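Chemist: Assemble chain B with the ligands onto chain A, guided by the hints.
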Amino acid sequence: MAEGTMSDNRLLEVRDLKMHFPIRRGFFWSRTVGHVKAVDGVSLYIREGETLGLVGESGCGKTTTGRVILRAYEPTAGEVWFADRYMGWVNVPSLEKQEVKQLRQNMQLIFQDPYASLNPRMNLLQIVGEPLLVNGIAHGKELEDRVAELLRVVGLRPEYMSRYPHAFSGGQRQRIGVARALALNPQLVICDEPVSALDVSIQAQIINLLQDLQGDFGLTYLFISHDLSVVEHISDRVAVMYVGKLVESAVTEELFVNPRHPYTEALLSAVPKPDPRLRDEPIELPGEVADPANPPTGCYFHPRCQYQVERCAIETPALREIAPDHFVSCHRAEELNLTGVFGPTE
Amino acid sequence: MENNHLLLEVKNLKTHFFLDEGTVRALDGVDFVIKRGQTLGVVGESGCGKSVTARSILRIVPQPGRIVDGEIMLYLPAQSNHSTLTNVVNLTRLNPRGTQIRSIRGCRIALVPQEPMTSLSPVHTLGNQIVEAIVLHQEVSQAEAREKAIYMLDLVGMPQPSRTIDRYPHELSGGMRQRGMIAMALSCHPSLLIADEPTTALDVTTEAQILKLMQRLQQELGMAIMFITHNLGVVARMTEHVIVMYMGKVVEEADVDTIFHNPKHPYTQALLKSIPRLGQRTRERRRLESISGSVPDPYSIPKGCSFHPRCSQRIVGLCDQEEPPNIEIGPGHKTRCVLYR
Ligand SMILES: Nc1ncnc2c1ncn2[C@@H]1O[C@H](COP(=O)(O)OP(=O)(O)O)[C@@H](O)[C@H]1O
Ligand SMILES: Nc1ncnc2c1ncn2[C@@H]1O[C@H](COP(=O)(O)OP(=O)(O)O)[C@@H](O)[C@H]1O
Ligand code: SF4
Ligand SMILES: [Mg+2]
Ligand SMILES: [Mg+2]
Chain A
1 MAEGTMSDNR
11 LLEVRDLKMH
21 FPIRRGFFWS
31 RTVGHVKAVD
41 GVSLYIREGE
51 TLGLVGESGC
61 GKTTTGRVIL
71 RAYEPTAGEV
81 WFADRYMGWV
91 NVPSLEKQEV
101 KQLRQNMQLI
111 FQDPYASLNP
121 RMNLLQIVGE
131 PLLVNGIAHG
141 KELEDRVAEL
151 LRVVGLRPEY
161 MSRYPHAFSG
171 GQRQRIGVAR
181 ALALNPQLVI
191 CDEPVSALDV
201 SIQAQIINLL
211 QDLQGDFGLT
221 YLFISHDLSV
231 VEHISDRVAV
241 MYVGKLVESA
251 VTEELFVNPR
261 HPYTEALLSA
271 VPKPDPRLRD
281 EPIELPGEVA
291 DPANPPTGCY
301 FHPRCQYQVE
311 RCAIETPALR
321 EIAPDHFVSC
331 HRAEELNLTG
341 VFGPTE
Chain B
1 MENNHLLLEV
11 KNLKTHFFLD
21 EGTVRALDGV
31 DFVIKRGQTL
41 GVVGESGCGK
51 SVTARSILRI
61 VPQPGRIVDG
71 EIMLYLPAQS
81 NHSTLTNVVN
91 LTRLNPRGTQ
101 IRSIRGCRIA
111 LVPQEPMTSL
121 SPVHTLGNQI
131 VEAIVLHQEV
141 SQAEAREKAI
151 YMLDLVGMPQ
161 PSRTIDRYPH
171 ELSGGMRQRG
181 MIAMALSCHP
191 SLLIADEPTT
201 ALDVTTEAQI
211 LKLMQRLQQE
221 LGMAIMFITH
231 NLGVVARMTE
241 HVIVMYMGKV
251 VEEADVDTIF
261 HNPKHPYTQA
271 LLKSIPRLGQ
281 RTRERRRLES
291 ISGSVPDPYS
301 IPKGCSFHPR
311 CSQRIVGLCD
321 QEEPPNIEIG
331 PGHKTRCVLY
341 R
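From first to last, the protein sequence lines are chains A and B.
Here the numbering used here is used: position 196 in the first sequence is 196, and no number is missing along the way.
Here the numbering used here is used: position 33 in the second sequence is 33, and no number is missing along the way.
Misleading hints may appear alongside valid ones.
Derived SDA-like pairs (lysine to any residue); straight-line CA-CA distance at most 20 angstroms [what the hints assert, rightly or not]:
1) A/K141 with A/M122
2) B/K303 with B/V338
3) B/K273 with A/R277
4) B/K212 with A/R304
Quick caveat, the hints were computed from the structure, so don't treat them as lab data.
From a predicted model like this one, the values you see are computed outputs, not experimental measurements.
Looking at chain B on its own, in the form it has when it is part of the complex:
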């Protein structure tokens, strides 16, 4: 891969939570890359480590969590226009309260959370919060920042932006709050937008509006998007490349078409078979193929392949003993499963 296309490289990332009950290995050796302008989908069931991945990149892992190993390399274009050199920063090495990560957070990498209500302050207007974000990262006056905030609200399709800017979050609908969050996240033109389940709390028709908006903004602004979701339909609609996570590990990664039409990991295969699909009842009536059991509790990750207790293709004596290696089975297609050794 040409290095100047690379935006973010996560290598062997381990983030653990040290609790009285034991250690939660929330991320247990995560590897992936994001290229400039690419949309990477991150899928998996709740608790598999999607949000902790996002928080680790932004260096906002809450106590008692800590990055214990690995690297997160951010490749930034050089400031000078005449140079094609890139600056590389290892985010895991930065002081999480230092100035360097603060200038990256919100400016180079921005976050759109699942529930805007918990990220927006209820006592400040939407506008003040966007203005504050702009002033923090850009050398502009309050008045200019307000102009910019109105411009951003207009860009995200907020009706009557010059009036909406003075509304409080609770006066807005869920869809409008999410537009506000996107406006705030994009106000500094980040190179990477991390969207953590941005439409999970919304209804389908509002979700369709927000997804379309994000696609349009990506075309216009060219940022990369790390799109975290548990919804396989949203992944299929929005992403180019996909990583599938299970218990703190990436178990499969491939381009989106391969993930849906030629999945290799038994977990990916099982997930795709367990969902009902629109129109299916008319084509063929069948029972859903559920995955047996449930995700084990995070204090006791099973030995060997962590999916083996639920896997219908497991090889006894092998899968429950050996941790499967990450195997490249095609261009850009990797999986952690002994069946492909």
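With the rest of the complex left out, here is chain A:
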């Protein structure tokens, strides 16, 4: 691992990650007829204590990226470097089974669906206490005390410990999921659309909770969401994906005010603004998102891009740093004058 990355306080660094799922046909003699390129070139890093937002439309590979980082899948290619509290810098895909178990203590996941992600037959003590029990960290009275404390931390009454998930609202269930994720005091929490299924008034409660916990426990978040307003609010830096590729990443204010990739520009303009005095016409993208099993040549965005030139259909643009901490993969990034949330940039 390069020393530069250590001094820069990085906790996670993903390099040119690829996750291709085979498409099989036939039942007895199934053969691979192609690949879904769910993740097809993602490079990103997260510094300790910061929140990196990962945005993009459904199917672009956000969840898969999160799962490969957690080693739920073996990637097709690429590296996932993590500064584990105990093991030091490790490349996650090359860890041994025992080491993965160790890693999981320091990397946790919060799911989108607060209804489907909790076992309905387990009470809160069992749900929140399970990671502590399984890892031999606490049991008996001590376990109960730890769970009570965790419930208090996420804003739930410890008296609820013996209740089952069905007795709780969506927002409360998401708090339960957060308590469980925090049980082992993880370094990195991957939040996969944690507020997407919640009503707006409850969304705000959970966002505030996640921000408070980050301050209190020095957590680092990978915050996956398709909602650009939420991502802007919570993230220190933001990375944008399109059809399995990372197309742009930058410090949040920079990305929203000064986008350098045409897809980021289109995404920002498509968000309906909650103000009837700001009814500007969104940039209309022609056609539909490309099929990750059969992506276009060159830049995957070129068939829909209003700025495309001949080169875009032939050559795949590489992700490059065009300003400090600002990465973009577009052939024309330097010359284009794109529009951010406050209008055209200079």
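Modeler: Only chain B with the ligands this time, still in chain A's reference frame:
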């Protein structure tokens, strides 16, 4: 208001569900009007009664639900060209399986649902389903209906409509299925299109396409739209007049600019403060102001103002006792809150 501008008038509508656990007062006295060609936004959090309102108007409230009180007046232009008279029908009085409501449903009032996959039959092609809808309401042959269906698919921006018409729903993307639903809904030129969260299941760039399409079609065809959504951005972009619902009641109603720039009901104010807005981080970094607690369960609507347990401006001894009256505080601006008495 001139009566000939009026299209739909909902008065004191109460739709309840009678379950073993108790009675859910899903709609608990809902009032609003829709004018011809107007876009009315209906906003509120899940469970507040938006879909039940739509279903009550269409008379498709499922068992064990029932309209228990109120009126839904539909003002139809007279059939004759020379007369400016309107026919008035009280939809609550119709037999929900009778011929009259069936000719209104789909023909005068059409629905675009949130998830087209659950409304489209998976075993029939998109085209057959549109053709069936056309033949049901219009006196045309199968061949003419197919022509019309292709025309409608073209109108909603479906690529290669004469080929897409023979596709099955699962062969289409979410955006294309929603275009198909809109084509079907508009095939009889309804006076009112009820769109129930039509873009909630779609991604932002597809949503932008569908919203633009609906705006264009409204300009071309002139129908009124009742646009149901929980997304305040979509309301701001699409609607002229807005009703805000909370626990089966309309708590505030006003033109869209007033709702966003001069909201009066504490719930409307709180909702607007709880959402993150694009560009805000750069302007001023602030915490989101969340609304405390959550929507109470529907069997036990709180006494007095149903929002009072969550309201930061409540007056103890008043808000938890008395049901607030509907107060007119400006032209077309009404709210149910004792602060404005
Ligand atoms: N286990 C899997 N097997 C095959 N294809 C998958 C698998 N998981 C995800 N995909 C496909 O990979 C693409 C990216 O999916 P996902 O990572 O879930 O996207 P997102 O979270 O951005 O919506 C999609 O086309 C999806 O259908
Ligand atoms: N089929 C049903 N049976 C019982 N209760 C129902 C049914 N449909 C709706 N409700 C109840 O009516 C209330 C309003 O629901 P709905 O109109 O679907 O809300 P939304 O505003 O999210 O569209 C909710 O409390 C819901 O639980
Ligand atoms: S590389 Fe070309 S097609 Fe791709 S985003 Fe840039 S200008 Fe558009
Ligand atoms: Mg996902
Ligand atoms: Mg609904």
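Chemist: Each hint needs a verdict: does it hold in this structure or not?
Modeler: Verification of the supplied hints:
1. A/K141 with A/M122: 18 angstroms, holds
2. B/K303 with B/V338: 14 angstroms, holds
3. B/K273 with A/R277: 17 angstroms, holds
4. B/K212 with A/R304: 17 angstroms, holds
Of the hints listed earlier, there is not a single one the structure fails to meet.
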